[in-house]
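Fit chains B, C and D to the given chain A structure using the hints.
4 protein chains.
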Amino acid sequence: MDTTTLDIFASVSPLEYRYLHMPEAAEVRAYLAEEAFVRYMAKVEAALVEAYAAEGLCSKEIAQAVAQAASRITAAEVYHEEERIHHETRALVNCLAQKAGATAAPWIHLGATSEDIIGTANALRYRDFCRRMLLPALCELEKTLISLSLREKESCQIGRTHGQHAVPLTLGFALCEYVSRLGGRIVRLGECSDNLRGKFSGAVGAYNAQSLLLADPLEFEKTFLATLGLKPADHSTQIIEPEYTLDLLHAAVSLFGVFANLSDDMRHLQRSEIGEISEEFTAAQVGSSTMPHKQNPISFENIKSLWKVFVPRVFTAYLDQISEHQRDLTNSASSRFVGEILCALYIATLRLNATLGRLGVNRAALEVNLKKNWHKTIAEPCYLILARNGHVGAHERVRKAVQSGENLSAWLSKELVRPLTASEENTLRGPEHYLGLAIKKTEVVCQEWQEKIAALEVFQSRRDCRC
Amino acid sequence: MDTTTLDIFASVSPLEYRYLHMPEAAEVRAYLAEEAFVRYMAKVEAALVEAYAAEGLCSKEIAQAVAQAASRITAAEVYHEEERIHHETRALVNCLAQKAGATAAPWIHLGATSEDIIGTANALRYRDFCRRMLLPALCELEKTLISLSLREKESCQIGRTHGQHAVPLTLGFALCEYVSRLGGRIVRLGECSDNLRGKFSGAVGAYNAQSLLLADPLEFEKTFLATLGLKPADHSTQIIEPEYTLDLLHAAVSLFGVFANLSDDMRHLQRSEIGEISEEFTAAQVGSSTMPHKQNPISFENIKSLWKVFVPRVFTAYLDQISEHQRDLTNSASSRFVGEILCALYIATLRLNATLGRLGVNRAALEVNLKKNWHKTIAEPCYLILARNGHVGAHERVRKAVQSGENLSAWLSKELVRPLTASEENTLRGPEHYLGLAIKKTEVVCQEWQEKIAALEVFQSRRDCRC
Amino acid sequence: MDTTTLDIFASVSPLEYRYLHMPEAAEVRAYLAEEAFVRYMAKVEAALVEAYAAEGLCSKEIAQAVAQAASRITAAEVYHEEERIHHETRALVNCLAQKAGATAAPWIHLGATSEDIIGTANALRYRDFCRRMLLPALCELEKTLISLSLREKESCQIGRTHGQHAVPLTLGFALCEYVSRLGGRIVRLGECSDNLRGKFSGAVGAYNAQSLLLADPLEFEKTFLATLGLKPADHSTQIIEPEYTLDLLHAAVSLFGVFANLSDDMRHLQRSEIGEISEEFTAAQVGSSTMPHKQNPISFENIKSLWKVFVPRVFTAYLDQISEHQRDLTNSASSRFVGEILCALYIATLRLNATLGRLGVNRAALEVNLKKNWHKTIAEPCYLILARNGHVGAHERVRKAVQSGENLSAWLSKELVRPLTASEENTLRGPEHYLGLAIKKTEVVCQEWQEKIAALEVFQSRRDCRC
Amino acid sequence: MDTTTLDIFASVSPLEYRYLHMPEAAEVRAYLAEEAFVRYMAKVEAALVEAYAAEGLCSKEIAQAVAQAASRITAAEVYHEEERIHHETRALVNCLAQKAGATAAPWIHLGATSEDIIGTANALRYRDFCRRMLLPALCELEKTLISLSLREKESCQIGRTHGQHAVPLTLGFALCEYVSRLGGRIVRLGECSDNLRGKFSGAVGAYNAQSLLLADPLEFEKTFLATLGLKPADHSTQIIEPEYTLDLLHAAVSLFGVFANLSDDMRHLQRSEIGEISEEFTAAQVGSSTMPHKQNPISFENIKSLWKVFVPRVFTAYLDQISEHQRDLTNSASSRFVGEILCALYIATLRLNATLGRLGVNRAALEVNLKKNWHKTIAEPCYLILARNGHVGAHERVRKAVQSGENLSAWLSKELVRPLTASEENTLRGPEHYLGLAIKKTEVVCQEWQEKIAALEVFQSRRDCRC
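Chains as they are written, first to last, in this note's numbering: chain A, 1 to 467; chain B, 1 to 467; chain C, 1 to 467; chain D, 1 to 467.
If you're looking for bench data, these hints aren't it; they were derived computationally from the structure. No experiment lies behind these values; they were computed from the predicted model shown. Just so you know, not all the hints are guaranteed correct.
It does not matter which identical chain is meant; a pair holds if it fits inside one copy or across any two.
What the hints assert, rightly or not - Capping the alpha-carbon separation at 20 Å, the derived lysine to aspartate or glutamate pairs in EDC-like fashion look like this: (1) Lys231 x Asp194; (2) Lys43 x Glu81; (3) Lys143 x Asp234; (4) Lys376 x Glu279; (5) Lys400 x Glu279; (6) Lys222 x Glu280; (7) Lys440 x Glu219; (8) Lys143 x Glu219.
Looking at chain A on its own, in the form it has when it is part of the complex (with noise of 0.2 Å):
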């Protein structure tokens, strides 16, 4: 096996050896691989030589002898090139040029420091893969969850606080809390994606280089970037402001703590005594090396764990808003792993999607815990009909009352000066008629992202066809 092979299972990584294994993943590493990395790289220092022959300084054949090599060029050359030089961006550079022949060879990086094309190929790589990979996954999953929602917007369900049987809902509500969580944090993450900036403002950021060479460097920059589909950053110096990258980086892990939150309902609804729903095993599954008839919730479990390992990751992310002057390298090597925290997102995604599109629902457990507290779970309604007709300390009264066992609705005539009314009279006959707005409100939230997840795929698809 050569030095550029590895088996799958001699590596380290869980990411590499088990989360990248699904053959869905595996798209994946055309955006994150070190090898995407260096044809980003390559396709920027093209665009480069492209817009220096645009603006008339080279002609349009090194241009396109600069792209051809360009298009050649891989990971494995440039890293044999890198052991000799001891630097990334400068192998590539030597690989290029040997490529594109003697002509060409000078303007290939002219004027350019690493950082402007390290900096710009890493927020259009991440831009693309947010835009063709992480995005539509999200918006598939947030439809899942919208049909589901919607599928389950009458199921009776008893609302819980604290673990504590409070007041009914329905499961298309408690569902659709995360229809509206996740929406926003889709839309977050889009925009942060989108605010990617590029750079080409040399060594400290001051245009130095370029001032040598260009009439109107910020105009250059300007266009050049223009090509690829980005804006330059508002300020850089020998690096783009971290904060783009930063913001991306907290959209993407309160996205996780929004699958962790849903996650960790599903398991505690899963729970023996509760039984609500289901992750669906498969006739061949095993649950328990040791307890053959365990069926655990493992999808759930799988991703609330994937949270646990990459939220405490944005705190490189915050680290590195710090770099002395004008650039200090401590944030090169912790800027190579970002692309691990969008891979996870994107894996937990499609399996947080797969466990929702198979969820099993046991209808008759919903009932029985529905109405198992009723005699209690009835106090809220009791409490405001008494204060809503003038009873003064009916909170308390209603506390009293619950606690020393009385049959609430009974008591609840007994201590009312008037009849109760029709309405309060349906209300109290039971948890499936003191819903509130469970179902309209679900409707709402629904619909409303329906609409927005529809706006935003047309969206894309009409960026997608211009670049």
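Frame of chain A, contents of chains B, C and D only:
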């Protein structure tokens, strides 16, 4: 001393005994102290009854009685009642009820769950604090930075990457990095604080209680919250979606990150060997208890240190994204600490502004450092001139020339096949002639932010009149 | 109200206005308040002059004068002087000098850098706080857990993995997990607090000043610190190696992590559908401001919530491992917040102990849950009996049998080539007969920790007599 | 290319495509790769059957068959089986069973829950990795630091606090800070890795299955684990108490923190204005893609950067302290990433050692910087001489003298009532005469750690023979 009075030096929290000491900081308590929290809650309770009156459910006299009661509430009495019943919000309600009288009492808090009041009150006070104190202070700091940046826009300085002399820029350009980054964060903080939301959706967010009392609970929630200048959360359970506050805290700690980077830059520029800037010491000020000569960059060190304290705290907010089902209470204690982060950021803003306002610049040191390595930092323009003239391997040739100690300027003349142009010759005359767009970019960035900050201030002041 | 007095509800810090409210917590201030810090510093300054006197450098009268001055120092006067000279330690020295008189004055702080005093004073007060308050409280909690564990050692409970019924154990066994884990952490916290170190090595740790004054500065450092019951850091710069405090904080937050796990377990066992345990409510206690029936697991929720606040703070200590060269001051503000972590842990310890002390156990619910799924949880012993008798694929066969709804006990009899032994038959009679070593292991663990805690307490009390 | 082979540059993880590239790092895979995990699990399964045979439960032939099967297991086949049954450990058991034959099959994994194998296998491989690779590499680094420290023990250097010249020391003394701190962490890491524990207590830790099979399960657990060189956890549920691994990771990231501090010191000493040390560049090495003159502190920057990546990851371990009841699975994915932290630490250790091994010292720069501010840094000895002679307010008087630009040495002679002693006069002759115990302390610390490291190495090698 009674039990509600504390000697300030008997406090354990450094915010209390040390950092809120500054007279300028006292006003912070009007938003972030527990007394303020209780008053804001009372205000929300009063607004709710007011909204009921507007809806015709209760009389205007009742609303007035509650408003009056709310204006007289104190944290001390609420805590006293809480000791008896172990529930803070219900304690507040009881206190209000006693002050407002028996007719008004049943209407207080009617249909509300505690979090309808707490969540809304917190959104309100954090927003008010941001609008009235934090954002204005940040705008002042931004203006100080702009002034400094413009003042020093022509002060040549050696650019540094990896702590090594790179190519020249100006001190003003170096500072305008922070004009841009800080400006961006201020805008983000403003957006996030303006986007804090309220709720009036009851115990599990399904408007159960509200549906018993109101014809259109969704509409009522909107109009009631609008009287407080807030919008409802897109969806709520017992609690408001946590992402609104999380985004605010992300904006806050990432703003702190910009402070930390600026402070590190300023600290290092004060190193004994660099000495380009200085914090001004007062005549009586002591720098060290044993080294009488010491004058240390203590303000910048302090700000970096506070960043270390407060950046990890955003993690609590990431953890608080998870609340089981319609809410567990595990975000209750933790959400009480949100105010400390905003408070610390405010204190750091004041201190940073004061320190930058009296920043000393040592122009002699700037010049010495700028010129010290021109024989080496001239390498970039030499390489560019060589490459632009079609010399293959220009970078490598200059690299070797500089390593072998050549006088690069002379060496370049020999290498080139044609004489240097006047412009090239000028560039090579000295580092102050190779500034790129340092001055122009400083002007562009500063002007942009002068306008944005001015617009933000106008907007804020208009909004404040309305509220 | 004068400037050094604060209404407690005017404080921003929840530790102040809310959590230090408990009378049991008041004593905390004697170690962790700013007043305590100043007194500890004064104590160290006095001990230094005392050590000079013992060495014969100054008279005993001078040492006595300084000791007297130290005993009368207040934080208020030190802060007043600091306002003038902007240096806390030098302010303290000036105040001491004024009280001690002109003859003694030159000996105060002689040869010391501020951190010789500050670092030593902090080591001393954190150690004292741990020894006298935190560790005793933790030992009480451990004893409560042991009692509870032993009391419930035979209370059968269904074991749960993934929230699913697994195989049986006892409540006492489940609790003794925490006897073991908490015990381990207490020992670690004790070791780390005992290992806090002092220093007297001067401005950069090279004993420059000390060498001018003393014949054997290394020996003097040892004997001087020994009078305070401390050892010197193995090496110091201006500051003590940060790892001593970091290890203490790691022990503290990992201890908090054990609290959090225990609290989560207790919260979930109180779910409406499980209901195996309960927090005892007082007669007047309110659970919800709108749902009069609610009784929530608020104490365990509170502890989990405080964990979320304080576990991220250990990050500040990881960041404080970095101090440039012989020290930058960026750990100055941050190290002031160390006390808050210890304070919060103490408060959580008291609350957890009180809550566990009145924990209610619902034996009926334990039994219902235990038996609910015996038709499935019997799968493990069935598989084991089958396998032990040489049946290949035993696990798979039982898995399929349980899936197809077989009565496993009957099914097993048919599958086996030989009759069940008496012991096997007994095991299959019911979950209370398949407890493994639940009871015995509970006894073993509890006895082990009873002894270790007793030994720790004896050791602590002996040491306290000495100090 | 088959599905289990990966082009290294197609990997997303920087550990794979970049940092494990070094030939010295390849051996890491023998412990931390997935293949290694599977092999270690197989080893534990074989040891279990071996222990059953020793107990007389099954024949030695069966144990041998299983041992042989275990030696031939591959991750690829286990993953293949897992795809069918969705359970990794049961997949391993099935593969082993197939290889070992029908007679042996029922004994494999008998009585074990997956975590009995997984937890034990992880303890084993992390301990082996620490003992055989990480600790030896760290000892090498410590020895390099000791050599460097001793070599430079007399190289005078200005001490710096707050980045400002303070009082003198030696470069060796400055380095021996890291001898001490690193040494302390190595010892701690050794203790923690030696304290990793195994378990054989079944599905909920109550030895249910074990009690069905064995007379004395506690004793069996001890003897079985002893054959692997491990002790059982003090208590276990389905999983081993998480604090053993947490403590190891705390030791690891705090060790990384020491690396980061050292690297920052080394970076700053290479600043263009300071230039006291340098990383050695090779002849062909490029420092910047645009500035041919640049030689940057890239190795130290890299190590600081890796610290930023890995220090936040300990937070995952803090989160993994929480596992509901006898275990939820939310630590499953997360615990897979533990190896990455150890791997990164190992890589950083190798790089730091190599970099320090070729560290250049610029003695001229050391001297220039040392003397540059002697007219000010002389202030401390002046103040001390004045104070020791009973002058009240000595510190303040020297502070004013230095501020007004006095020649302090001359000024002191005038101030003093008696002539300077010979020793005092000598001290004031120059900074190299005011070194305190810099040299001696360096020797003391280095000798202490030479001995401790030697003892540790002897101990390790003895232990390795046994295992």
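The hints, checked one at a time:
For a Cα distance limit of 20 Å, the shortest separation of lysine 231 from aspartate 194 inside one copy, 10 Å, qualifies, whereas the shortest one across copies, 27 Å, does not. Taking identical chains as interchangeable, the C-alpha atoms of lysine 43 and glutamate 81 lie at most 20 Å apart only when both belong to the same chain, with a minimum of 19 Å there against 42 Å between chains. Taking CA atoms no more than 20 Å apart as the test, lysine 143 paired with aspartate 234 passes between copies only; the shortest distance there is 18 Å, against 36 Å inside one copy. For a Cα distance limit of 20 Å, the shortest separation of lysine 376 from glutamate 279 across copies, 18 Å, qualifies, whereas the shortest one inside one copy, 31 Å, does not.
In this homomeric assembly, lysine 400 and glutamate 279 come within 20 Å of each other (Cα to Cα) only across copies, at 18 Å, whereas the closest approach inside a single copy is 41 Å. For a Cα distance limit of 20 Å, the shortest separation of lysine 222 from glutamate 280 qualifies neither inside one copy, at 52 Å, nor across copies, at 39 Å. Taking the closest pair of Cα atoms, lysine 440 and glutamate 219 come within 20 Å of each other only across two copies (13 Å); inside a single copy the shortest separation is 53 Å, beyond that limit. For the homomeric pair lysine 143 and glutamate 219, neither the shortest alpha-carbon distance inside one copy (42 Å) nor that between copies (27 Å) is at most 20 Å.
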